[in-house]
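K.L.:
Which chain is which? The protein sequence lines are A and B, in order.
Residue numbering for the first sequence follows our numbering, starting at 1 and increasing by one per position.
Residue numbering for the second sequence follows our numbering, starting at 1 and increasing by one per position.
Hints are computed from structural coordinates only; laboratory data are not their basis.
Heads up, a few of these hints could be off.
What the hints assert, rightly or not - If we take Cβ atoms under 8 Å as the criterion, some of the chain B residues that face chain A in the derived model are:
| no. | residue |
| --- | --- |
| 1 | A41 |
| 2 | K44 |
| 3 | A48 |
| 4 | D51 |
| 5 | N55 |
| 6 | T56 |
| 7 | N58 |
| 8 | F68 |
| 9 | P71 |
| 10 | D152 |
| 11 | D157 |
| 12 | Y210 |
| 13 | I246 |
| 14 | E247 |
| 15 | P250 |
| 16 | V259 |
All C-beta atoms, glycine included, are put in the ideal place defined by N, C-alpha and C.
Each chain, written out:
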Amino acid sequence: MADKKIELRVIAPTQATTKSPYKYRKNVDMVILRCTTGELGVLPGRVPCSMVLDLGILRVFDEDKEVHMAVMGGIAHVNNDVVTVLSDSAQWPEDIKVDEVTKTLETLERKVSETDNILEKSSYRDDFRRCKIQLELAEKQ
Amino acid sequence: MPSMKAIKRRRMTVKNISQITKAMNLVATSKLQRARAALAAVGKPVQATFDVVYNTVNDIDPYAMESFERPFIAFSEENKIAEPPARNAAYVLITSNRGLCGGYNTAVCKELMKHAKANHINPIIIPLGSKGRDYFKRRGANLREFSAFEDDPTFADAKNVADQLVKMYETRNDNKAWMIDEVYLVYTQFHTVLNLEPIIRKVLPIDPAYLRRVVGTDLHEDETWEDLGFFSRPTAKPSSELNLNIEYEPGIDEVLRAVVPWYLCMFIHAALASSALCEQAARMTSMDSATKNAGDIIENLTLMFNRQRQSIITQEITEIVSGANALK
Chain A
1 MADKKIELRV
11 IAPTQATTKS
21 PYKYRKNVDM
31 VILRCTTGEL
41 GVLPGRVPCS
51 MVLDLGILRV
61 FDEDKEVHMA
71 VMGGIAHVNN
81 DVVTVLSDSA
91 QWPEDIKVDE
101 VTKTLETLER
111 KVSETDNILE
121 KSSYRDDFRR
131 CKIQLELAEK
141 Q
Chain B
1 MPSMKAIKRR
11 RMTVKNISQI
21 TKAMNLVATS
31 KLQRARAALA
41 AVGKPVQATF
51 DVVYNTVNDI
61 DPYAMESFER
71 PFIAFSEENK
81 IAEPPARNAA
91 YVLITSNRGL
101 CGGYNTAVCK
111 ELMKHAKANH
121 INPIIIPLGS
131 KGRDYFKRRG
141 ANLREFSAFE
151 DDPTFADAKN
161 VADQLVKMYE
171 TRNDNKAWMI
181 DEVYLVYTQF
191 HTVLNLEPII
201 RKVLPIDPAY
211 LRRVVGTDLH
221 EDETWEDLGF
231 FSRPTAKPSS
241 ELNLNIEYEP
251 GIDEVLRAVV
261 PWYLCMFIHA
271 ALASSALCEQ
281 AARMTSMDSA
291 TKNAGDIIEN
301 LTLMFNRQRQ
311 SIITQEITEI
321 VSGANALK
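Given the sequences, and given the hints that come with them, work out the whole structure.
P.N.:
What follows is the structure, encoded as structure tokens:
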């Protein structure tokens, strides 16, 4: 693709180690971020932008290859061809333990079916989505 | 003059104590290394967050903020918008959970007292660490406790505090006034093992002028970015011009709502790490001097003990000699 690239930096402070604070840092062709209002693609030369991320899958395109990463909310900023993603949690497909996630999902489903309280039901929404996204990512691999 | 037995017992006690202080010194030394690594690990994420916050906040049009009910940003100095007169403040105070670390805890508490006395009436104090909590409880301060805080601060701890602070910032009290107008962070900055500095930093509302100073433009005379209490140098490029091209997705309000907790969280996380490092450094030096002092006391007691033993021997000899003379 184009000669110009953008630098993607993904930082998940809870997963930062002393060796490397970055979960991912690479020059890539294109990044597609999952924002609260929909997906947003970032190409080199984009005007500066601050955005709020939703739970979802971050797609990275580099030299005809596409890699995916589950990013659970946070913020992102584009400036001078650098995309910084700050999130509570960022996972590669291999980080996801399908058995555990399926189990959590089952527990959540049981909890939802047991209660009639709407507020309580909706409080499980994010956990639900988190599990679904993790499974979706694991399937894609 | 105490008896020989008493001196012996005292010497034994001091010796035992010196063994404890020596062990504590060694433990603090090894913990210091770990805390140093932890602070270094915090550096990069803080830097990245700062860059994002700086770039997001720097170009905000001051007049766009006017429409917000509760702005997270206050423009000081150059772009001043009328400031509300009454100011309720909250101080987040970071101290340790354990004592025996010299003046470390009192230094931060006193700094807070001084600042609060000069600027605010009955501020809310949010202690992180039991020493600070006890200090202000004794003085009957307006305390608000968030949660128990562990010795090894994690990102989750900081996030918890940041979320609650934001919630407090957006709450009105009974008089329909805002519960808090300003949030200060009180922590200890590490320079060297012997140079620990208690610092008070305003973290809410965010002041773009302060951010600009950290990045390196508009720095006051004789000021370096280290004086501003930042932990690692931000990489954001300073620009003096307002960049009105910046976009906010979905909107400026939502973006600030997401960015501000991150800023607070990172700042608190770094301050916790810095304070934890200072605690170990303070403990190391104070335990080192305690061990030295114990050595001095042991020396004195030994001298006293020997002198007394000698005086008893001398006395016995005198008695024998005078007894022998009497028999002549």
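K.L.:
Against the structure, test the hints numbered earlier, and report the numbers of the ones violated in rising order.
P.N.:
7, 8, 9, 10, 11 and 12
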